[in-house]
Each structure stands twice: as C-alpha cells, then as structure tokens.
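One letter stands for each residue in the lines below.
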Amino acid sequence: MASQEILREEPSRGSFINDPKIRSLFFQTLVVVLLFASIWWIVNNVIENLQRLHIASGFQFLRNRAGFDISDTPIAYTSDATYGRALLVGLINTIIVAVAGIITATIIGFVIGIGRLSHNWLIRKICTVYVEIFRNIPPLLVIFFWYSGVLAVLPPPRESYHLPFGSFLNQRGFYFPRTIWGDGSWLILVAFIVALAMAWFVAHRARQRQMSTGQQFPVFWTSVALIVGLPVLAFLLAGMPLTFDFPKQSTFNLTGGFQIKPEFLSLYLALSCYTAAFIAEIVRAGIKGVSKGQSEAAGALGLRSGPILRLVVIPQAMRIVIPPLTSQYLNLTKNSSLAIAIGYPDLTATAGTVLNQTGQAVEGVFIMMIAYLVLSLITSAVMNVVNARMALVER
Amino acid sequence: MKHIAIGILGAAALGFMASAASAGTLDTVKQKGFIQCGVSTGLAGFSAPDDKGDWKGIDADFCRAVAAAVFGDGSKVKFTPLSAKERFTALQSGEIDILSRNTTWTSNRDSALGLDFVGVTYYDGQGFMINAKKLPGVNSALQLSGAAVCVQSGTTTELNLADYFKKNKMEYNPVVFEKLEEVNAAYDSGRCDAYTTDQSGLYGIRLTLSSPADHVVLPEIISKEPLGPAVRQGDDQWAHIARWTYFALLNAEEAGITQANVDEMKSSTDPNIQRLLGTEPDGKYGADLGLSNDWVVNIVKAVGNYGEMFERNVGSGSPLKIARGINALWTKGGLQYGPPVR
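Heads up: the sequence lines are chains A and B, in that order. No gaps in the numbering here: position 342 of the first sequence is 350 in the working numbering, and each next residue is one more. No gaps in the numbering here: position 91 of the second sequence is 83 in the working numbering, and each next residue is one more.
Do not rely on the hints blindly, as some may be mistaken.
[To be verified] Okay, the calculated bits of chain A under chain B, using three or more residues with CB under 8 Å as the criterion: (1) 60 to 66; (2) 77 to 85; (3) 255 to 266; (4) 343 to 355.
The set of hints was computed from the structure by calculation and includes no laboratory data. Just so you know, these numbers come straight off a predicted model, no measurement behind them. Think of the CB as a built atom: it goes at the ideal place given N, C-alpha and C, for glycine as much as any other residue.
When you get a sec, could you build the whole thing from the sequences and use the hints?
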C-alpha cells in the first residue's frame, strides 16, 4: 500500500512544469498575451509612423464633404453629402446586388440542379454543360463577358430596341416605365395585406382539415385568386389611380422611366450565373444524398412523382444543402467586390474613391474589412437559423 | 483589387516599419543604385511605354533627370505604373521614391496626405471631349446637361466635374472607372457621351480611340490643374534634389543649354552658365545639394532642357502637337520660371 501511495503522489511532487493542467494554462495565457502584445505593437507602430510621415489619421474625415458624385444612389446623395454617406451608398449598393444575386442564383441553381437529375437526356445534358461552363470560368471573366460581350454591343440610345410595355434596351441599360400611384392607392396595399393574411388562414385551415378528415383543399389556386383578385378589385374600386412615366428620347439619353444601368445588370447576371453553377451541384448532391428507399417507400404509399419530390425528397435534401449553400451566399457577397472592374459603385469602389480623395488608406481598408465581415456574419447567422429550423426533429 | 492590396501592404508596411528615423531617401537610393519612379499606367505624352517597353513622356523623363542628377546616368530608373487610386499610398509607404504621374498639386495632398510637391512641370486644365459625329450641334460643355460622362475615379477631375455641373445647375450621369484603359474603352464603345480629364490627357487619349477624327475637345477649361512630381514629406534633402532638378531644366532652357551643345557650353565664360554647369572655380552648388558639381550637365545630357523635353513628348516633335502656351518660359510670356542657381 505504502509503495502505491508514493507512486500516485509522484507526478504532483515533481514540479509544476510536469502538471499538464498548469502547463496548458501557462501556454494558453502565453499565447493570448503574445497575441495582444503584437496587436498592440502593430497598432502603436502604425500610429507612430503615420505621425512621423505627416499623414492625417482618425475617422473625422467621414464627416467632411465628399465632393464626388455616384452613379447609382438608392438613398438621397449629392456631392454635398459626407464621405460617411458615400460609404453608406456603397454599402447599400453591395447589399442590393448581393441580395438580388442570391435570390436569382438560388432559383437558377435549384432548377439546374434538379435538371441534372432529370430523366430527359437533353435537359440533363444542357444542365451539365451550364454547370461545367460557369463553374470553370473565373467570376471576373463572367462579369466582363456580360459587360463587354453582351451589353456593350447593344445599340446606342437613339437606336434602342423597343420592347413591349414601353420599355427600351440599349447600351446605356434597360429602361422601363416608372409607376406613379395616385390618391387612394393605399387601398390596394391594404387589400394585398388582407389577401396575404387570408391566404395564410386558408392554408392553415386546409392543413387542419386534411389532418383530421383526410380531405384536400385546392390551397394554391385559392391563394392565387385571393392575392391577385383582392388588389385588382381594390384597384378598380379606387378608380384606377395609376399612371406611368414612360422613358422618352432626349438629347443624350432616354429620360424618365426607370433605368437599370449596364454596370448593375452585368454584375448581377454574372454573379447569379456563376454562383448558380455551384448551387446546382450542391442541390444535386443533396438530392442524391437522400436514400433511394425514401422515394421508393413514398411511391409504395401511392404518391405521384411530383409530391414525392416536394414532400419527401426535397425536405430531407435541404438538410444536406443548406450548410454549403451558406458558403456560396458568402462567396457571392464577397465576389460582388469585383464590381470595381466595371464601375458599379459598390462598397469597394466607393471606399476606394474615398480612400484616394482623403488619402487615409489605413482607415479606408479597415472600414471595408469590417463592413464585409459584418455582412458575412449576418448572412451566416440568418442561414444558421434556417438550418436549425430545417434540422431533423426527433420525435 | 490592386489598390486594396497596396492599401493593405501600405498599412502593413506602416505597421512594421522601424519607428526610429530611417535613413534619408538619397542614401537609400544611392545604396540600391536606382530610383523607383511612380508613373501612370499609360498616358501618351506623360508616361507611357513605347513598343519596346521603354517609358516615354514628360513625367518619365523627369525621373530620368533626377536619376542623372543623382547617379550621372539617366537610365538608373525603375518605373512602377500606378492607377490614380494607388499612387499616394505607394509613395507614402515607400514603395516608390518619387511620384511623377500627371498629379495635380492641391493643398490637401500637400498637407494631409504627407506629400511634398516639387513644382509644376505642366500647367493643365480640365476639359471635355465628345464624339462630334454622334452629337452634332454640341459645341460647348454647357450643352452637356443630361449627358453620361466618363471619368476616372480618385482624381481631382472627378471632383471638378461634380462642382462644374452643380455650379451650372446641370444634370449628369457619372460613369466611373478605376483604370484609365477602362474609361477609354467605355467611352470608345459609346457608354458615355462625354469624356472628361485634363486637356492634355484628352488629346493623348483621342489618338488611341478607334476613329480619332470623330472626336472633338470642347473649348471650356473648367479647372486649374498644375501637374507636377511629388516626394514624401519630411525628407528635405530629397525634396530639394527633386525641386532643383526641375529648376535646372528650366534654367538650362533659359540659358540656351541643349542636349547637343552642353559640352561646348562647359567652356563658356558666362558666369551664369558656369555656375549652372559647375565649371565656376570653387563653386560647389551641386555638392551643397548632396550631388556632384556637374549635376546639371548630367541632367541635360540625359533628357535635354525643359523645352526639349516638352517638344519631344507633347509638343511639335510628338503626335500630340500641343503648343507651349502657358508652359512657355517666363521670358516668352509663359509661367515656367526657374529660380537662379547661385
């Protein structure tokens, strides 16, 4: 017994150096201290060197007058606004193109991804060719393809293509009539909201009824009728308070109406097409990942192929699809900074201009990095919530 | 993307730079054996590579003049092409020793950006160019209301454009690119109705368009654009060398010293020329600057005097054919005036 006790005490009697707990604590503290010390040293050195080189520093410049104009301004902006507001315009432009791109890329991606598993040889091959082309070209080239290859060769404003509904297409972009809502148009909005609520209610009741009685109700068509019908009824009741501002030819450009500039169009189309190729592969992998027995079992229960895909396969595939999908959304957002090559005023472009006009490179780059970091973290957070809701619920 | 890389590199360079006062630029330059000169990515007449890859233009020649003053050899220059956005960070972070890139001298750049402008090697002003074939009847910039205007980002041009349209209560649609080639391509393809930059630049760019004869430069000059080289603030010796190289070019022209006759001129008895060329007995004007006494001889042998530099690159000896105008010497009614070497 005595000898055993001695043996057991021996490790702790040696010294602290041999205690694994203390050792790991020591090294962790050391790493943290070193990390913070080096960060502090770098920051301090930057400040010292900036002062030595007589370069202004700090973020006061954000409140100064910008003095330059921006082509796409989703919020009110003139050259009299501040540098801070110019950066905000850039950030909003980035968000607009990222959100629009994500939605379109997801739709194209799902269609192509499901298409690659089609039984139809032609559809399958077309989808394969699409994926292989766009997945293997750098995004910058895809952007240039749309900008210089497709949109720049359109006719000049005086020879625009006339499209239906008073819209035009030329090398300055896509023009369509702007809607101007008159008095009483609030009624239409109210009708729309009421219709949405009613559609939700119908769907809810229909599900309850199907659960208890097994009888089905045509939810989809009822909802469409409600959501389209009620606002149209309200529109007629309010005395059709809608006029259009059509684009018209003027000295240089078409004026009036609503213009989507080629810079935005090419960036949006390029990002959508490029990312859609990756999403298609993720969707295909997700569907392939659902065991074949699942659809066979659903078939044995008498479900047709449409409901099998919609009710059995896709919900399970989504669990596989969502985590890599998040990465693609983040990639799309970050790739939107390639806008600088074609002059779309996104965050990188406007921050670059601000950086150059003020000469405050350190602050400018810092703002850009923080903005993209925050955007990406928000996207991840949203996708994590979606993922958690989709995750397998054990019953 | 590149400007971000330079921005980060610049930030990193600032972060890791030794905080103790570093050696002067002259010593560093002498040690490495060449001058790193920041130029444009290609603007005819100012700094553009020719078909053999040699940089040509007033701005490139100015760097050669400084190299000749320092090393006695005008070829000891390495050129770094920079976009408008990258140029200041490159100079601040020490990537280049001198910025000679059709850069406008402004108070903000001279103070808050940590630059020190050397002088005005070219007095310019901003103008507009349009395609006269597509827009017949437009003969003044005041008719440009509603036009799409191509402009390079991060320039004083971009700011003057905003001010000009605001002052004249006109609307416009800015089409902004980072690189000169991108602006040129967009204008050439018809994306914009007008192109704005310094007038000298417009003449240079017109030559590169697909049909130069269709384009006209409108008469309005909307701003003052004194273009000149800049160095880092806080190194007086290096700033003096750059500044007096510029003055030496002007003084050489005024004294009639040219690339061809500089060796004959060395035997001149004119005390003014003797002081300039370092042949005055006991004169040490070059040594006082940290250079050799025959520094002006080296400069003129390398690039000629200011007038020769001008005519060769943008004047009658070039495709641009720009008249001297206000860039003539003060003795001929222009603004170029070199303080005396004595």
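Do the hints match the structure? See the list:
no.: 1; hint: 60 to 66; verdict: holds (count 5)
no.: 2; hint: 77 to 85; verdict: holds (count 3)
no.: 3; hint: 255 to 266; verdict: holds (count 5)
no.: 4; hint: 343 to 355; verdict: holds (count 7)
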